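J.: Chain by chain, the residues:
2 protein chains.
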Amino acid sequence: MFKVFYEDLEVGSKEAFGSYTATKEEIIDFAGKYDPQPFHLDEEMAKQSVFGSLCASGWHTCSMTMSMLVDYMKDKGFAGMGSPGVDNIRWKTPVFPGDILSVKSEIIEKRESQSRPNLGLVKSKYSVFNQKDELLMEMVTNVMVLKRGD
Amino acid sequence: MFKVFYEDLEVGSKEAFGSYTATKEEIIDFAGKYDPQPFHLDEEMAKQSVFGSLCASGWHTCSMTMSMLVDYMKDKGFAGMGSPGVDNIRWKTPVFPGDILSVKSEIIEKRESQSRPNLGLVKSKYSVFNQKDELLMEMVTNVMVLKRGD
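First to last, the protein sequences are chains A and B.
Okay, so the first sequence: first residue is 1237 according to this note's numbering, each after it adds one.
Okay, so the second sequence: first residue is 1237 according to this note's numbering, each after it adds one.
No wet-lab data here; the hints were simulated from the structure.
Nothing here was measured: the structure is a model prediction, and the numbers come from that model.
For glycine and all other residues, C-beta sits at the position ideal for the given N, C-alpha and C.
Only part of the chain A face toward chain B is listed, based on derived beta-carbon distances under 8 Å:
#: 1; residue: K1269
#: 2; residue: S1303
#: 3; residue: M1317
#: 4; residue: G1321
#: 5; residue: D1323
#: 6; residue: R1352
Straight-line alpha carbon distances no greater than 30 Å define the calculated DSBU-like cross-link-like pairs of lysine-lysine that follow:
#: 7; chain 1: A; residue 1: K1269; chain 2: B; residue 2: K1368
#: 8; chain 1: B; residue 1: K1328; chain 2: A; residue 2: K1383
#: 9; chain 1: B; residue 1: K1260; chain 2: A; residue 2: K1310
#: 10; chain 1: A; residue 1: K1250; chain 2: A; residue 2: K1239
#: 11; chain 1: B; residue 1: K1250; chain 2: A; residue 2: K1269
Some residues of chain B that are not near chain A, with every Cβ distance over 10 Å (derived):
#: 12; residue: D1244
#: 13; residue: E1246
#: 14; residue: G1313
#: 15; residue: P1333
#: 16; residue: P1353
#: 17; residue: K1359
#: 18; residue: Q1367
#: 19; residue: K1383
Kindly generate the complete structure, drawing on both the sequences and the hints.
T.: Structure below.
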């Protein structure tokens, strides 16, 4: 089932993947449930905000990114076992309706887990861009990866 | 409309708020869209994972927390203007179906914005608990807050 394990991952390696269109309907639906601030829901209110126009919740941007990451991991057979957390998220440019998101990633660190000998911890930086190659979000996060154990 | 501005917020002040029930349906619905890893979707697969049982995506936990925070901000008339980013998220304990989430917050830092003179930046630590008072998640995040300007 899995093809890529902890031992196969190299610090410094880079990947590009994903294509996710942030529709207006999905932006408003997500914000309505989880981040009902006016600038994520209403075009007129958003014009008066720092964002200037209706835009996605930052948490929606994270979630759309996660969707692309999981698709990528499944496609590669990556033995991801969840995450203990995120080191940093910076929302740089708003995500507007119709934007198409894509991801560039770089592995910046890896180490074996002390508490779980069958797992390693891989730290990666993810940069999310729109169709105009504008940087939307940068995030450094950690994934627990199964060891092949040979 | 707004009642609480940047000048009104004190470093060290603490609040407790929110009550959000993480239903199984919502856990699976969110994960299906944004984090379709087996342990967030399927009870049998989850038993074999580090989590031991079907649990929410960490991004869903963040989103449920944001929902509680926005409700709280609206209730208090808090002049929140969005966020430039998050400093740290640690997912400590899984969120299982039926868990009831609540939040404790503490303002840990505040400073005026250099680039936007009508805003200040407020850094807070959020701790999210379940109904058994187990710590589910800790997060340090930043909110831009409008100044009253008097």
